[in-house]
Every structure is written in structure tokens, then in C-alpha cells.
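> Here's the letter readout for the chains.
2 protein chains.
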Amino acid sequence: MKMAGAKPEVSFIGLGAMGFGMATNLIKNGYKVTGFDVWKPTLEKFQAAGGNIADTPAEAVKGTDYCICMVATAQQAQAVLIEGNDPALGALPKGAALLLCSTVPCAYVQGLEKQLAELGRGDIRLIDAPVSGGAARAADGTLSIMAGGSDDAIEKGRFLLQEMSDPYKLYIVKGGIGAGSNMKMCHQVLAANQILAASEGLGFATHLGLHPHFASQEILKSEGWAWMFENRLPRMLDPEYKPVASALTIILKDTGIITSEARRFGFPTPMTSTAEQVYFSALGRGYGPDDDSSLIRLYIEGKGKIGPVKGLAEDDQSKLALVVGLLKGIYLCSAAETIAFAAKCNLDLDQVFDLCINAAGGSTMFQTVGPEIIKLARGEQLSTGDGESFKELVQQLQEAIEEAQRVKAPVYLATQAFTLAQLALQLAPETAGNVSRAAVAKVWGL
Amino acid sequence: MKMAGAKPEVSFIGLGAMGFGMATNLIKNGYKVTGFDVWKPTLEKFQAAGGNIADTPAEAVKGTDYCICMVATAQQAQAVLIEGNDPALGALPKGAALLLCSTVPCAYVQGLEKQLAELGRGDIRLIDAPVSGGAARAADGTLSIMAGGSDDAIEKGRFLLQEMSDPYKLYIVKGGIGAGSNMKMCHQVLAANQILAASEGLGFATHLGLHPHFASQEILKSEGWAWMFENRLPRMLDPEYKPVASALTIILKDTGIITSEARRFGFPTPMTSTAEQVYFSALGRGYGPDDDSSLIRLYIEGKGKIGPVKGLAEDDQSKLALVVGLLKGIYLCSAAETIAFAAKCNLDLDQVFDLCINAAGGSTMFQTVGPEIIKLARGEQLSTGDGESFKELVQQLQEAIEEAQRVKAPVYLATQAFTLAQLALQLAPETAGNVSRAAVAKVWGL
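From first to last, the protein sequence lines stand for chains A and B. For the first sequence, the residue numbers in the numbering used here are 1 to 446. For the second sequence, the residue numbers in the numbering used here are 1 to 446.
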């Protein structure tokens, strides 16, 4: 249920692909929204959509009790809130709610809370509220939101969180300021790996000689399904990888948050670190502003340049099985990395699971194996029971890797997943038996 | 000492960059050599250098008691020896020595021995004799050679092995046919990683704003020295990466032998597998025929495309320390992967060490830490004593990775090395103390 009655005024800083949709959704729901963005054409568009516009952050927030900040980075947040030109801080009314929806490191938002107190603005009700779900859901008000903050702040800001999110996808994360960012960060482990996996999987299919339209439709029906694959697919299939719905630089920023925070904890992120290197290579080629689905370019180039190659798989069904095996291996390891990292961040793992399967990180593998990995994280016994065993999954992954080697196709993530599976088998030889696929998570110390 | 007196006739199949030098060296040493190659211009050049030439493999080997085969792949060897047009087998005199100097999988040369017996040619004295050292040493007769075979075969072929090798770099590897190939394969773990490390290290230096001429000279004087870095350096610095001394396709072939043989053993090769993916990407870009030093292109592109970036290191010495820290981390992990794989292949680890430090795989790190890793492989106690500890090395590697992230430079191998170091610390928390850097090898099960 959305809130009824008179709607308060809201200021909105940062009207990019996500922010614009979120802000105009509030307008559609009857709020008077004053927007600010450094990019003037966006402001004009926002005005045309019924918003008020401001020339500076301070002007936007003046007299409004609710401020939503949806800039791209922690540096930008710091600038518009405190350190830049005519920043918001001085103009925010006493006791105002400040919802920081940008994806930032936990350390940043915790530092911001401290800095507000030091600057005598402990009255501001800061909410750490990163979102997930993409531009379409932003505009629909059906985002996934993970919010952390004091009870007082959450109470004041809850109606806005509700306006922007799907009723089943608003997560109030225990742990106060920073907990929302940690939750988002752990979710983004799935995103960082699965965005690239979409390109790697479909690129591999192409190397095998499968038609990408046919292969992708089959993948969507298989255990190799992932939200990211389905979401990126139309743009991967577009000859120009258009429209730009989420630029490479966005996921690269999130990836950097994951790997740098993980290093701070001494926590290994073999999957995300591998993805990050491929993202850096793509950035170096000038693909930064392009849609991240365009990374399939890195995986399909070379036709006619790699010399004669021949795989073993002859028919479409065998080839598809290899592609699905490759994707499942990647998704298994990204699930394990996510849950192990969430455990390291002391997040509520049931909440992590519920959030991830309903957000952009969802995949069939996560849905199936996630609960088993959570058991492992809690020191409970793994099942040895039904369904595909770890050994069977590793066998499929190995067959995919071997075929990729024959056709000389790069498969960075699958190769890393296979290495991790081998290390898990070596670490715990009992996993060589018919145990749950969750056993791979032993590599991350679970 | 080279053999004195009358020199027997020798046939030589495969006159590529290595084979041509090896064959003409024999001519210079007074042998009558009959050469065969599928590429006619090479044959003309060989004739001009004093060789006899033949139109087919059978014609080349007819009546000569010694045949050296130096083609590029196992497939080519199979063709010229047995299955191709007018192959050598039928024409080889009874009891002839057949030196297979190509780098091939152990499984291939063992299969070849079996096939010879099945075809009624068990009389042929097969020697498995892959080489290392590059084209210049091939032409000088100062290669490293690792030879396996029956005592009888080695006895017959030893003088030729001696003609082609440096007297201190001829290794008769215990274990019969296949042992030479296994030794070469383990050595190539170092090669596969350190060829790419040269590009990664100098590429990273470039991203940091160091002049590559300056940086490389400093690296050569540091603990970040490696034979491959020194050898590839002139070509990395050449604007066209010329001359082509060793094509990408050559090291990619060896890399494929390593990773596929390792999978057969269930042995993880996280470093080489990472390198292989980068090689596949380079192949897809059409760099296959280019010198492998040209892979630095993958690491330096993007100037002006990656947006404004800024590292923390200000002065040249701090930047150099980061580059050396990066290289040391990679060399440590490639040393561990090599020795652990050699142990898995049941090779004599003292011989492996002696061979590697004197061949193309040598590095200061291998020289320093190799003996400690061998101790670990033998279940002996690691020293806790002098010099840099594991923790200190990991710290330097981490600083390098973090700076690479700041300047958005891809560092695939260093990232993998850091992940492995983290896993080693997690596996064996006691390694967090002041133990030997060899502790990283625990990841490979040592």
C-alpha cells in the first residue's frame, strides 16, 4: 500500500538513468519533486516531466524535509552534500531525512554519518538505501531497496522507500548505517559476475557455431537462466548493443567497491576479481560509456583470426549442454562468493537469499543451491541427497572448458570457476563424492 | 666436449625458427644433414646454408641412422612420422635413433612409443627430447634439453643431444619416454606465466607514468628479474614488437598442453589457466603470428580512453617498488605452480630446479624461493628465518593491485597471484606469521 493523503515535498539530487526514473515516479505518485543534476539537458527533461528544477544542491533541498541522493559515486555524493559548489548540507532543514540511494562503500556512508555529527548536523536522519533492478523498475517504483539506518531515520523515510520499491522487495537491513550498502555490495557480487557471464556464455555459444537467437532462447528455459542474462539479452543481440541501459563504468564502479572492501576484510573474491580484470580491459578499449551487454564483443571477436578450430560437440543439443554447463559453473561460484562474503559482513543470510533471488542477481543456480550454501555457512551438515552432485556439475564445467580450449574461445569466468572447483575438491576430498554442489564454498572458508 | 672423428649422417624434419638453427649448427659442426620442411623457401635457405634437402620425410630419413624431428605440434609429428604424405617411418633404418624435440604432451610421445611397437618398429630408438632456450641458443648449440627414453636409446642419441645443448644444460630425465615432455611441460608453466608477466609488469609501469626504458632497466636490476623479461624486453620496446622471435601461437600451444594435462591429473593450474585466457583474447584480436612480447599491447591500450585516473605513488622509486612487488608476486606463484605440478608428475625436483634456473623459466624469485617450495613438497619444515616473509610479499602485492585498480590497469596475473596468496593465508592461518614465502604453495596441495 502506498501512503495516502497530502504528499510532502521531496528534493532529488542526481537524475541519471536510475535517478530520473525514480524521481519522475514520485511525481506520478503526486509528490512535488525538486531536482538537481550537473547535466543541464537532464534538468530540462525533468522539468518537462513535471518536476521543479534547481541550480544547486542547496537550492534543491531548501525547505524540503526529504532529500534523495542518487548520484553515481561516493565522490559525487560528498561533493553535492558537503564539499562541492553550494552543497546541500547547510540548506537541509533540521531533522530532514536524507536517503543516500547511490551504491557506495559501507565505509563511505559510515564515515558520512560521523562527519554529519562532527559538523553539528547529527539531527539529519541519514538512510543508507542502495537500490537494484534497473531503469525500468526505477521508473515503475518497483525497485529492490536495501535500507540501513537508525530506527528513527527508517521510520521517517519508510514511506519514500515504499514509493520507490516493490512491496515485496523493500529490505530493512539490520545493522544501522552501512548495512544497506553491505547488502547491496554482496548482491553486486552476483551482478558483477552474471553481467559478464551473459557475454561469456553467449560468446561461447557463438564460437560453438550456435545461432545466438536460438541458443539464448534455450538458455532462458534451462538451469542456466539468470536475471542478468535475460535482461541483457536484447541488447547483446542488438547489432549496436543499444540502448545504453547500464554503462560498463557503472558495474565497474560496483566491482571496485566489492574487491577493495573485500581486501580490507582479507576476504578473497576470485570470481569478482577475474570479472574486474576483464572490465578493465574493456575500459581500455574505450567501451566505458557503452552498455555492459556490449562486452560480448570481447568474446566473439576473432572469427577468421584464430585459424582453423574444431570442437567435439556436433549437434545443437550437445553444444547447448556445454553452454549451460559453463553458465551453471559460473553461477554456482558467484553464489558461493556472494553468500560467503555476506557471512563475512555479518548480514542476515536468509534476508540476503530472499533479496538476491528477487533482484537482478537472481539465477536458477542461486535459487537451488543458495540454501545449501547458507547451511554450510552456519556449520550445518550438507545434504548428500537428491539432484545433481558437485562432482557432476564439475564434470559438465570441465567439458565446457575443454571445448572452449579446442575452439580457442576465452572463458575467463568459467576457467576461474573450474579452478575453484578443483581447489574445493583438493581441500575437502570428501567432496569428490556425491555431495551438494554447495561444497565449492569451502574455498571461501565456509 | 663435442664428439670427435667421423660424423654420421643426420636427417632433420622441421626447419622452423628453432629447427633451422639446430640443423645448421650440426652442419657447422661437420655433420652431413638432410633436411625436410613443408615450407619450400626454408628448404632453399637450408640448402644455401650447406644442407641437403629432401622432398618428403621418407626421402630425408632414408639410410640415415639418426633422425631429429622438430615440428611444431604433435599433430605435425604424427603426420611426418606415420600418417602423412610419404612419412618417415617406413624409410627409417633398423635401430635408428629418432629424437622428437618438439614440445608435445607426455601422453602423445608415450602413445607414439606404443604405436611404433604395434607397427613392428619397436627397434626404433625413440628419444623424447624437448628443448628450451630460443632460436639464438638453438643456432649456437647451447640449448637446454630434457631427454627421456630407454637407456639404449639415450646411449645411441647422446652425442647429438650434446651437440645441440650447453654441456651444463643437458638433462637426462628419469622415467623413460614421456619424462622429457613432462619436464618441459613443468618448465613451460614458468614460461607461460613469465612471458605474460613481462607485458603485465611493463604495462603496469606505463600506466603508473614510468618511462618504459627507465622502468625496465631498474626491473632488470631488481628482485623482479626474470629471464623472460630480459629476453622479451627489446621487442616489447620496439614500436612494432619486432623481430618475431617467438609467436604467440607457440606459447599458447604449450599453455594448452599444460592446462589439458593438468586437468587429466585433476591438478589445478590457476596461474597458467589465467594466462591462457589472456592468450586466447590476444589470438582473437589477430595477434597469433606476432611475437609474444607484443602482448604488452593488451596492457597499455586505453591511454585517453579510461578517463581521469590517479594513483597514490608520486615518485619514481615508489612506482618502481609497486611494479617489482607485482612481478615478485606473479613469479612466486608461477614457481609454486611449477614445482607442485612437477611433484605431481613425479619428477626429480632437484633436477627440475637446476633445469629451470638455467633455462628460459629462470627468475630471481624462483632461484630464491624454489628450494623452500621443494622442501614443502617433501614434507619438510619451512624456515621461519631470514629475509622477506610471506606476509611482507603479500603486502607488497596488495599495494600493487590496489594501485592498479586506482589507475584502472588490468593486471590479470597479479590479481590471480593475490587471490592465491589470500587462499593460502586462509588455508593455513599460521602462514600469516613470519614464514617463508613458499607457504603460498599450500594452495596447490603441497
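In case anyone wonders, no lab produced these hints; they're calculated from the structure. Treat the hints loosely; a few may be bogus.
For identical chains, the list gives no copy identity; a pair is met inside one copy or between any two copies.
Within a straight-line C-alpha distance of at most 16 Å, the following computed EDC-like cross-link-like pairs (lysine to aspartate or glutamate) qualify [said to hold, decoys possible]: (1) K375 to D65; (2) K174 to D152; (3) K253 to E402; (4) K156 to D316; (5) K169 to D123; (6) K305 to D290; (7) K253 to E240; (8) K242 to D290; (9) K303 to E223; (10) K45 to D315; (11) K303 to E155; (12) K375 to E9; (13) K442 to E9; (14) K253 to D55; (15) K62 to E9; (16) K32 to E9; (17) K375 to E155.
Source: prediction; values computed, not measured.
> Which of the numbered hints are not met once you compare them with the structure shown?
Hints 1, 4, 5, 7, 9, 10, 11, 12, 13, 14, 17 contradicted; others consistent.
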